[in-house]
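Let the hints inform the model, and build the full structure from the sequences given.
There are 2 protein chains.
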Amino acid sequence: LCGPKMWLWKGTLTSSGVFLLQMGWGDLGAFGEPSKETPNLDQMAAEGMLFLDFYTANPLCSPSRAALLTGRLPVRNGFYTTNGHARNAYTPQDIVGGIPDSELLLPELLKKAGYTNKIIGKWHLGHRPQFHPLKHGFDEWFGSPNCHFGPYDNRERPNIPVYRDWEMVGRYYEDFKIDLKTGEANLTQLYLQEALDFISKQQASQQPFFLYWAIDATHAPVYASKQFLGTSQRGLYGDAVREIDDSVGKILKHLQQLGISEDTFVFFTSDNGAALISAPRQGGSNGPFLCGKQTTFEGGMREPAIAWWPGHIPAGGVSHQLGSVMDLFSTSLSLAGLQPPSDRQIDGIDLLPVILQGKLIDRPIFYYRGNELMAVRAGLYKAHYWTWSNSWEEHGKGIDFCPGQSVAGVTTHTQEEHTFLPLLFHLGRDPGEKYPLSFASEEYQQAVEHISGLVQQHKATLVPGQPQLNVCDQAVMNWSPPGCEKLGKCLKAPESDPKKCSWPH
Amino acid sequence: LCGPKMWLWKGTLTSSGVFLLQMGWGDLGAFGEPSKETPNLDQMAAEGMLFLDFYTANPLCSPSRAALLTGRLPVRNGFYTTNGHARNAYTPQDIVGGIPDSELLLPELLKKAGYTNKIIGKWHLGHRPQFHPLKHGFDEWFGSPNCHFGPYDNRERPNIPVYRDWEMVGRYYEDFKIDLKTGEANLTQLYLQEALDFISKQQASQQPFFLYWAIDATHAPVYASKQFLGTSQRGLYGDAVREIDDSVGKILKHLQQLGISEDTFVFFTSDNGAALISAPRQGGSNGPFLCGKQTTFEGGMREPAIAWWPGHIPAGGVSHQLGSVMDLFSTSLSLAGLQPPSDRQIDGIDLLPVILQGKLIDRPIFYYRGNELMAVRAGLYKAHYWTWSNSWEEHGKGIDFCPGQSVAGVTTHTQEEHTFLPLLFHLGRDPGEKYPLSFASEEYQQAVEHISGLVQQHKATLVPGQPQLNVCDQAVMNWSPPGCEKLGKCLKAPESDPKKCSWPH
Numbered sequence: 001l002c003g004p005k006m007w008l009w010k011g012t013l014t015s016s017g018v019f020l021l022q023m024g025w026g027d028l029g030a031f032g033e034p035s036k037e038t039p040n041l042d043q044m045a046a047e048g049m050l051f052l053d054f055y056t057a058n059p060l061c062s063p064s065r066a067a068l069l070t071g072r073l074p075v076r077n078g079f080y081t082t083n084g085h086a087r088n089a090y091t092p093q094d095i096v097g098g099i100p101d102s103e104l105l106l107p108e109l110l111k112k113a114g115y116t117n118k119i120i121g122k123w124h125l126g127h128r129p130q131f132h133p134l135k136h137g138f139d140e141w142f143g144s145p146n147c148h149f150g151p152y153d154n155r156e157r158p159n160i161p162v163y164r165d166w167e168m169v170g171r172y173y174e175d176f177k178i179d180l181k182t183g184e185a186n187l188t189q190l191y192l193q194e195a196l197d198f199i200s201k202q203q204a205s206q207q208p209f210f211l212y213w214a215i216d217a218t219h220a221p222v223y224a225s226k227q228f229l230g231t232s233q234r235g236l237y238g239d240a241v242r243e244i245d246d247s248v249g250k251i252l253k254h255l256q257q258l259g260i261s262e263d264t265f266v267f268f269t270s271d272n273g274a275a276l277i278s279a280p281r282q283g284g285s286n287g288p289f290l291c292g293k294q295t296t297f298e299g300g301m302r303e304p305a306i307a308w309w310p311g312h313i314p315a316g317g318v319s320h321q322l323g324s325v326m327d328l329f330s331t332s333l334s335l336a337g338l339q340p341p342s343d344r345q346i347d348g349i350d351l352l353p354v355i356l357q358g359k360l361i362d363r364p365i366f367y368y369r370g371n372e373l374m375a376v377r378a379g380l381y382k383a384h385y386w387t388w389s390n391s392w393e394e395h396g397k398g399i400d401f402c403p404g405q406s407v408a409g410v411t412t413h414t415q416e417e418h419t420f421l422p423l424l425f426h427l428g429r430d431p432g433e434k435y436p437l438s439f440a441s442e443e444y445q446q447a448v449e450h451i452s453g454l455v456q457q458h459k460a461t462l463v464p465g466q467p468q469l470n471v472c473d474q475a476v477m478n479w480s481p482p483g484c485e486k487l488g489k490c491l492k493a494p495e496s497d498p499k500k501c502s503w504p505h
Numbered sequence: 001l002c003g004p005k006m007w008l009w010k011g012t013l014t015s016s017g018v019f020l021l022q023m024g025w026g027d028l029g030a031f032g033e034p035s036k037e038t039p040n041l042d043q044m045a046a047e048g049m050l051f052l053d054f055y056t057a058n059p060l061c062s063p064s065r066a067a068l069l070t071g072r073l074p075v076r077n078g079f080y081t082t083n084g085h086a087r088n089a090y091t092p093q094d095i096v097g098g099i100p101d102s103e104l105l106l107p108e109l110l111k112k113a114g115y116t117n118k119i120i121g122k123w124h125l126g127h128r129p130q131f132h133p134l135k136h137g138f139d140e141w142f143g144s145p146n147c148h149f150g151p152y153d154n155r156e157r158p159n160i161p162v163y164r165d166w167e168m169v170g171r172y173y174e175d176f177k178i179d180l181k182t183g184e185a186n187l188t189q190l191y192l193q194e195a196l197d198f199i200s201k202q203q204a205s206q207q208p209f210f211l212y213w214a215i216d217a218t219h220a221p222v223y224a225s226k227q228f229l230g231t232s233q234r235g236l237y238g239d240a241v242r243e244i245d246d247s248v249g250k251i252l253k254h255l256q257q258l259g260i261s262e263d264t265f266v267f268f269t270s271d272n273g274a275a276l277i278s279a280p281r282q283g284g285s286n287g288p289f290l291c292g293k294q295t296t297f298e299g300g301m302r303e304p305a306i307a308w309w310p311g312h313i314p315a316g317g318v319s320h321q322l323g324s325v326m327d328l329f330s331t332s333l334s335l336a337g338l339q340p341p342s343d344r345q346i347d348g349i350d351l352l353p354v355i356l357q358g359k360l361i362d363r364p365i366f367y368y369r370g371n372e373l374m375a376v377r378a379g380l381y382k383a384h385y386w387t388w389s390n391s392w393e394e395h396g397k398g399i400d401f402c403p404g405q406s407v408a409g410v411t412t413h414t415q416e417e418h419t420f421l422p423l424l425f426h427l428g429r430d431p432g433e434k435y436p437l438s439f440a441s442e443e444y445q446q447a448v449e450h451i452s453g454l455v456q457q458h459k460a461t462l463v464p465g466q467p468q469l470n471v472c473d474q475a476v477m478n479w480s481p482p483g484c485e486k487l488g489k490c491l492k493a494p495e496s497d498p499k500k501c502s503w504p505h
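Heads up: the protein sequence lines correspond to chains A and B, in order.
377 is the number that full-length UniProt numbering gives to position 377 of the first sequence; each next residue is one higher, with no gaps.
440 is the number that full-length UniProt numbering gives to position 440 of the second sequence; each next residue is one higher, with no gaps.
It is worth saying that the hints were derived from the structure and are not from the lab.
Don't take each hint at face value.
Copies of the same chain look alike in the list, so a pair counts if it fits in one copy or across any two.
Below 20 Å or equal to it, Euclidean Cα-Cα: the simulated EDC-like pairs (lysine to aspartate or glutamate) are [what the hints assert, rightly or not]:
id : residue 1 : residue 2
1  : K459      : D473
2  : K459      : D153
3  : K459      : E495
4  : K181      : E442
5  : K181      : E443
6  : K177      : E394
7  : K492      : E372
8  : K434      : D400
9  : K500      : E485
10 : K36       : E47
11 : K111      : D139
12 : K111      : E140
13 : K434      : D94
See the structure below:
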């Protein structure tokens, strides 16, 4: 339920930026979107390195973002639920949990190397006071703690606040307009200006920086500024993509004009696959891949990804390294000359040898849904231990994570266990996960034996974190965020009544 | 049932080449194939112009090739059947018909401007003596009249011959080996060498030329040379694609080394969408599009397309012009300074204003299946007047043109008529044809009214050609092609017994 990111460094230390959005693998021209309306992102790819086998850590936003900032799988950092088997969970307004203090976030670590850290856009790691991004290493924030659904009535549910640093400066729909009918909102322009200003300020003070640009225009309710409305072949979603593409181009150009592009490592990716439930008006494209957001098929977790660092990354590079958003944690630390924490398991790897020397590092990709390891990729093979799209009940309500797609025994509407005889796909010959390999083939047996060994090793050393996404309480919603008094925007919270959260997917 | 093409010119007149293969829209890295293994074709696109909305004239090879060379829809040039409603037909060995003498082929016309014309690879416009390519304007031929299924026993059915100009020089499987088990065959290398030699010869004699490079490695049975076997992430099909990509690169480089690249217009495209029935081992990718070969959904008829002409086409161009293989007829004539025939309807348009000046020409795309107009595209709207993938009976045998895809009421297994209330899709917002627009919407009504007008106009002026693909006869197969005596390869034909051909799809 979320969207892109960015990081940037500068100085003797290298700055870094992550653009993190909700976009599908197939949404960029460089990745084959037929309208090809992302000239700036395509140019970024042409000047940098395209990752074709890059994954998020979870098919949903909150866990994916927590994984990016901690370098750890959601099942370790607590961003999962045990309320139901293999259920996706996130941080809606009534969530009680959030990022635990025990987790070390990338900005906390970068601070030790003199970095100034800013998040622009959606945080999504919990909105209660102890989870505030400025308590977890960020120095500045302009954006929201949650997603921007609404408008709400401020009685049953408050509209989502927008923060500048410690205090709120208004609410979505009230002070930050979104016209649901036309899709007009100027938020991306505000977020763009914030990014440009922050970069200018850091350049002027010669301080290295980390910028996490986590905007939400491609997340339902999708929006775009007036100047972009109606400009895409793809409708409103395409308008939003065009505005983001334009913004990315302006940020990269700004780095160049300030003369710091060679000191700034930039990465563009997404927190989950395109939300096909919102298609076609508000949903993107996962290209040739199966299904979308919420699922552990390729459409749910394989992401567009571009690394850009002029003068360091050879232009026009293409990598088949199996990468993960968690690698941005380790790679960023490496760029800053820091070691990752040694007291805990880190799932991310340092991608610099891949990016700078074209190496390929052997490592698996684990596809989790909530508390369950659904699938594992090693090399070009992917083994599914569990398959599920969503329940018959939800499907009957018209919620479809795989619209127009149906692979017998694969896109199942009951949770199907394949632990003892996993479904195996060869993602080179069959990127769309349509043709399971024969159980009897030698190829099957060799690949599954190899992957089973990786799974055993993974499970034997896994220490699950305390699940943060089990308990919900209407009382913890964004009724009275800090700063609400000055604005006259404090709302009355109901009595506390903690309950198990319900996660249908 | 066919594959890519190419044309090339040179001299004061511009030479031209068409690469024509069977490849899907999504098979090239430039079009988003996740393995991105086509560096030469991607480079060709980067140096030339990528067409994202380019169509073949039919979802099957013979009619599509006849349309390319005549500039006319198959329903006009006779490459269709009336044996069954909306059935695809082609030119198997027992077909009696072929390209009528009354049709004017591109090489016949180019001859008048001093061109030397060569076809390398699959002809597929009929194999009886009167249909020989050298009787229809080509000066040279190295290749086959039919597809290369087999091996046959030479009693029930002969192996397909390979011609050099007027006479056969051997047969597939016998003299031109294809190892069905390993997929090894060196045919693409032979075809490559033919192309290089022809270009060298033409350059030396300063004669303008037209080269039609219609190789068949990506058509079942898919094959690749030993040096390419096992080199792709995508299996055998990917190996074949890599060899073709390598060959295209070598041909373009040859033009550059001879100093004639600026005098040679080159176009790369495909004759139908990827054959998903052959996937995954022998089938390609149609990217985000619905279904594949044999169907009039986008996966069956939208094709990869690249125009290349250094010094004339601005590098890195992208066009959304609705284009067709039939336009290569008109464009080639225009390049040669010739007028298209005025005594008949030509469906192709001259793309030079699009390619050289970036213009967009308003024109519809007609999607035929056999004798039926199934769908029409105008702008971003596509109206389906008939929907059908294949029959329940064929589907029950495991023949699936839409594997893993199913859109209710769209990918139907009965022929569904929508003439009075067409299914309408917006291909910008919904390139995968999954979300028909509401019949009640104003958008629907306006678009359908516009398209209906185009259909009326089209049908009112349509003069169908004499159908060539109705009659089959075992006696007309390639038993004793010219030259068979010298090789001792003449076979005994059975008695003539003409019958209606059976077209299940």
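Against the structure, the hints come out as follows:
no. : hint           : in the structure
1   : K459 with D473 : neither (32 Å within a copy, 65 Å between copies)
2   : K459 with D153 : neither (45 Å within a copy, 56 Å between copies)
3   : K459 with E495 : neither (41 Å within a copy, 71 Å between copies)
4   : K181 with E442 : between (56 Å within a copy, 16 Å between copies)
5   : K181 with E443 : between (53 Å within a copy, 16 Å between copies)
6   : K177 with E394 : neither (32 Å within a copy, 55 Å between copies)
7   : K492 with E372 : neither (38 Å within a copy, 66 Å between copies)
8   : K434 with D400 : both (18 Å within a copy, 12 Å between copies)
9   : K500 with E485 : neither (31 Å within a copy, 86 Å between copies)
10  : K36 with E47   : both (17 Å within a copy, 17 Å between copies)
11  : K111 with D139 : within (9 Å within a copy, 74 Å between copies)
12  : K111 with E140 : within (12 Å within a copy, 72 Å between copies)
13  : K434 with D94  : neither (38 Å within a copy, 35 Å between copies)
Against the hints set out earlier in the document, violations occur for numbers 1, 2, 3, 6, 7, 9, 13.
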